[in-house]
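4 protein chains.
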Amino acid sequence: MVGIAVLGAGRIGKIHAANVAASKFAKLVVVADPFADAAQSLADAFGTEAMLDCEAAIDRDDVQAIVIGTPTHTHISLMLRAVRQGKAVLCEKPIDLDMAKSLAAVEEVERLNGRVMLAFNRRFESTFAEMRAAIDAGDIGEVRQVIISSRDPGLAPEDYIQHSGGIFRDMTIHDLDIGRWLLGEEPVELTAIGSRLIDPQMMEKYDDYDTAMVQMQTASGKQCHINNCRQAVYGYDQRIEVFGSKGMLQMDNLRPTTIRRWNQDVTDAREPLLNFFLERYQQAYKAELDAYIEALVKGTPMPTTVQDGLKALQLADAAVESVKTGRAVRL
Amino acid sequence: MVGIAVLGAGRIGKIHAANVAASKFAKLVVVADPFADAAQSLADAFGTEAMLDCEAAIDRDDVQAIVIGTPTHTHISLMLRAVRQGKAVLCEKPIDLDMAKSLAAVEEVERLNGRVMLAFNRRFESTFAEMRAAIDAGDIGEVRQVIISSRDPGLAPEDYIQHSGGIFRDMTIHDLDIGRWLLGEEPVELTAIGSRLIDPQMMEKYDDYDTAMVQMQTASGKQCHINNCRQAVYGYDQRIEVFGSKGMLQMDNLRPTTIRRWNQDVTDAREPLLNFFLERYQQAYKAELDAYIEALVKGTPMPTTVQDGLKALQLADAAVESVKTGRAVRL
Amino acid sequence: MVGIAVLGAGRIGKIHAANVAASKFAKLVVVADPFADAAQSLADAFGTEAMLDCEAAIDRDDVQAIVIGTPTHTHISLMLRAVRQGKAVLCEKPIDLDMAKSLAAVEEVERLNGRVMLAFNRRFESTFAEMRAAIDAGDIGEVRQVIISSRDPGLAPEDYIQHSGGIFRDMTIHDLDIGRWLLGEEPVELTAIGSRLIDPQMMEKYDDYDTAMVQMQTASGKQCHINNCRQAVYGYDQRIEVFGSKGMLQMDNLRPTTIRRWNQDVTDAREPLLNFFLERYQQAYKAELDAYIEALVKGTPMPTTVQDGLKALQLADAAVESVKTGRAVRL
Amino acid sequence: MVGIAVLGAGRIGKIHAANVAASKFAKLVVVADPFADAAQSLADAFGTEAMLDCEAAIDRDDVQAIVIGTPTHTHISLMLRAVRQGKAVLCEKPIDLDMAKSLAAVEEVERLNGRVMLAFNRRFESTFAEMRAAIDAGDIGEVRQVIISSRDPGLAPEDYIQHSGGIFRDMTIHDLDIGRWLLGEEPVELTAIGSRLIDPQMMEKYDDYDTAMVQMQTASGKQCHINNCRQAVYGYDQRIEVFGSKGMLQMDNLRPTTIRRWNQDVTDAREPLLNFFLERYQQAYKAELDAYIEALVKGTPMPTTVQDGLKALQLADAAVESVKTGRAVRL
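Chains as they are written, first to last, in this note's numbering: chain A, 123 to 453; chain B, 123 to 453; chain C, 123 to 453; chain D, 123 to 453.
Derived by calculation from the structure, the hints in this document are not laboratory data. Careful: at least some of the hints might be erroneous.
Taking lysine-lysine and the BS3-like style, the derived pairs with C-alpha atoms no more than 30 Å apart in a straight line are [unchecked claim]: (1) Lys-446/A <-> Lys-446/D; (2) Lys-327/B <-> Lys-368/C; (3) Lys-136/C <-> Lys-149/C; (4) Lys-136/A <-> Lys-223/A; (5) Lys-446/A <-> Lys-368/D; (6) Lys-215/B <-> Lys-408/B; (7) Lys-215/B <-> Lys-446/B; (8) Lys-136/C <-> Lys-408/A; (9) Lys-136/D <-> Lys-149/B; (10) Lys-223/A <-> Lys-433/A; (11) Lys-408/D <-> Lys-446/D; (12) Lys-368/B <-> Lys-368/A.
Excised from the complex, chain A in its bound form (with noise of 0.2 Å):
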């Protein structure tokens, strides 16, 4: 069984710390948050114990393993602290928002071989997950073009957006991952455009954009196209296409039914969609746990790492730039 520690207590934390118990190999021995309430009613739920110091949990005797679900700008500090100890981390992206930061976490995690793993939690979703495997068996050929639907159901608040690092780094990060991965090869050119049709003030206010594409091709040729919308009147809208030499896979979007219903207006219509990423990747979180777990146990190596949120975040940076200068940006 292997000892470990939850830090931050809010959704995201939640998810982990019953995924972690439910776990026939793991304890969850501890829940850290500086808000007293959270941490305490988390710990409740899981019969397990609460405390308010997240770097005092690392050092806990029985804890092997962190799971971070802490703010952002937590991550590099808790980590690297995870790391020198010899413990391994499961750390929510991305490792920062600034590039300098994390190359240096980076480099430090990789000098000190730690075992860190960055919670990429899509590529556990089980469609995901048999979309790499089908291309892995060769069931489309080799890999042509990538079409990678991404839009929120509604925009988030002020006061997210501020913090949010903008829409490329805080949205566009997650495509730009699974379009990393879809590709099977590094894009080494990228162009974004990005605009401001839902809240134009606000997005403006932050020098932020609420609707955006992007354009990247690897040295091979092969191509990806992102499309994101902070706002989807029908639900959380999250599909991709994958276009290969002998076929093609598509993901379809995941409803609370399989029910149609006809009427004098429609025939077929389904129910709109899940409405946000906890419940569409509920079964994500799960698997990515499992799997963290699993490396843990077995000793082989993270599914994701590191590098995967370096690669993730220089991506996130050229769209900023390129949406910019205007250009094309080499990688």
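Guided by the hints, dock chains B, C and D onto chain A, whose structure is given.
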């Protein structure tokens, strides 16, 4: 070029006339209908001759083949008149609503080796035809169950209901033919139920039903279910499923476009269905007429026969009897 | 916390035990099964006690509610033992394969005001539940026709068939319950047909059928069709269509992912279906148990009753009789 | 009746000739093509006259309107000859592959108030037209993003590629027109990428690409993505998605039937797509010609103009430049 007379200038006659006119192998010699205006206007549309007397049209020397689209009670006399002169006939179904008369007519046609094709147009529609071809090709192994859903967009007016012969002989009969055809064996037992759910008063008045189900079985145990309703608010609903030992085939409805709509209420929603049989089976009417003309030109057997018409009527009559007696009817 | 004993440590008992263990409102007190290994291994998995004697488990003071997942012939005696002690019961269906015994048991349960829930799990699955809710909300107006397709992935082994009670009491019974439930009225007439298309020899040996259809009608004329087959090569096929005066609801199957594949042979192709009922109805079993515990905790009526079990068995018996006599059976 | 001359008796000329012949408002006066056999055989099929000299056909007194389906390099001279005589023209796109020549031609057409319709046939296809109508009706609010997937079934032969003008001017140009049309605003910035993934050698030889993406933006920030490939093994793939503030519209491909197949490997599988543009857009060609004739008969403005042709060519040229320079191109 085969000289063809189209008898009946109503909505079905118009479709046949247009298809004859478009054929490279046939000439639309005359359109006949006792309603002078209807006959003349249809003849004008295709630059051909109009006549009031259907029998005289049959008798013309420049007419080698007949297409009968007149009211049901006139079918037998027109058909036999043509057959006695050695002329070919494409006759709308049913042969007649009365079984004894139909039987006598079929006997005479067969005694005279008459070339009569019964207009089971659905068999010629591309999806129906492909389903039959896929079964013949062994794609789904041995047929086990055929499920036919067939619902009209709206209840016909009282005048139509009164002279329709009842739901089983007017509406179910098409599905009974398709059931026989897809089963590939003759049904030996049939049970039917009928309900009055749309307009109970009118249905009671004419001893008719507006909602019905039929269940039948062949000697080897293949099964068929049919459901009918005189009114479906979402349009003219025509779906079929053939389930076999190695797989299943499903036929969906047609819509005017391929659009799918997404909004706050629905996702993936398609348009209401093509309204009614003339639109739904437009391609089928053309393919049916082409098959008729091809059989004429090549001298090959008629693709559907008066025997098919008789069998379908027998099944319809059995359904009427089954509803009356509450018993399965042996055929 | 309600103390619960799970009787039977087979595949269904395992599911119930896991769901009890995961409930916040119940405690898994004991798992009982005469097969010592099965009982112990299941008890160990959830850190609870194992017993060999099911009756002794019922009698325990720390047990307030029972979940019966033992072989069918033991259902009645275990159920009545618990009821006589004033304990609640969730019992797998059917009550018994024998109608007289079932009737007597139901009478005793009702005389004692026993709290017994029959495990019609499908009613609790999210799509089934949403269909019932949509009908209740008037979304499709008055129900006219219910079409139920229900096919197993593969023929069960001979040993299972021999003791199954026949296709109608073993397989169709689930669809008969769903039919009653979606019609919202009791069927008053039923006709069934049965065929031996998969393994005629085995079916003949046990006087059973592997392929069946049922057609039934309520007093007001609502209609229901059920089709069953013991083998569908594409997987466990569970679809329903409810057609009403204002629209239609369709329920599709579940697949492990949302992938659609395109290649030279097919487009838009989905994966084979979830293999069998434990996978397909996983969510339903959990929702069913939650509903049972909620009724226990709140003291509200059981969501499904022994009457439901009796009615379903009556319909199954009527189907058997109808196949034998070739007649519709009045209920 | 408008007298129409069809210039060019190739595959596109054949379609136009058939549609002219079927029109109630037009007369197919002559078919002209320097290939005598092609001209004669097409003229014979519709019982009309054949000529070798396209210019002479334009000059005929009984010809009031021209349909140009000849090779691209002849478009301008034939178009201007007709315009100078005050005759109307439906001209296949593009005007020319050279921007300067196209510009000069458009200027002359506009100076002479010439009535020229550019054959952007897709705009007339029922689903495309319904999408535009739904946007105009406000069904999806303000357009935010247009996603266009457009892939050919197979790489054209070398001879075609050599004279095609390159993927952007030959293939993407159709999607650029549709993008402009659905955005409802002129793009002001465009970035394109091109790859050689199918036949790198041939593509290098002609400085062309077989796989491409385009990303563009209007002044108000509406965005459009186009993806193209010269080869899709599953058929001619033509899909569009228009995402707006109140919803989304999706256009699916057409298949020959509505069959869905289920077997051990796949469920819900549809047929490969209609092979290529003549089949896929058959209805569009007819609707386009009807719109042309309607404009002629009513004297209303042409539904598509030489300006549309010019704009599409400008966008295609910008795509070529963007690929060369690796930069976004301001328009």
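Cross-check of the supplied hints:
1. Lys-446/A <-> Lys-446/D: holds (21 Å)
2. Lys-327/B <-> Lys-368/C: holds (25 Å)
3. Lys-136/C <-> Lys-149/C: holds (15 Å)
4. Lys-136/A <-> Lys-223/A: holds (28 Å)
5. Lys-446/A <-> Lys-368/D: Holds. Lys-446/A to Lys-368/D sits at ~29 Å (cutoff 30 Å).
6. Lys-215/B <-> Lys-408/B: The given pair, whose Cα atoms are some 16 Å apart, holds under the 30 Å limit.
7. Lys-215/B <-> Lys-446/B: holds (24 Å)
8. Lys-136/C <-> Lys-408/A: holds (21 Å)
9. Lys-136/D <-> Lys-149/B: holds (23 Å)
10. Lys-223/A <-> Lys-433/A: holds (14 Å)
11. Lys-408/D <-> Lys-446/D: violated (38 Å)
12. Lys-368/B <-> Lys-368/A: Roughly 26 Å separates the two Cα atoms, so the pair holds.
Comparing the model with each earlier hint shows a violation of hint 11 alone; every other hint is respected.
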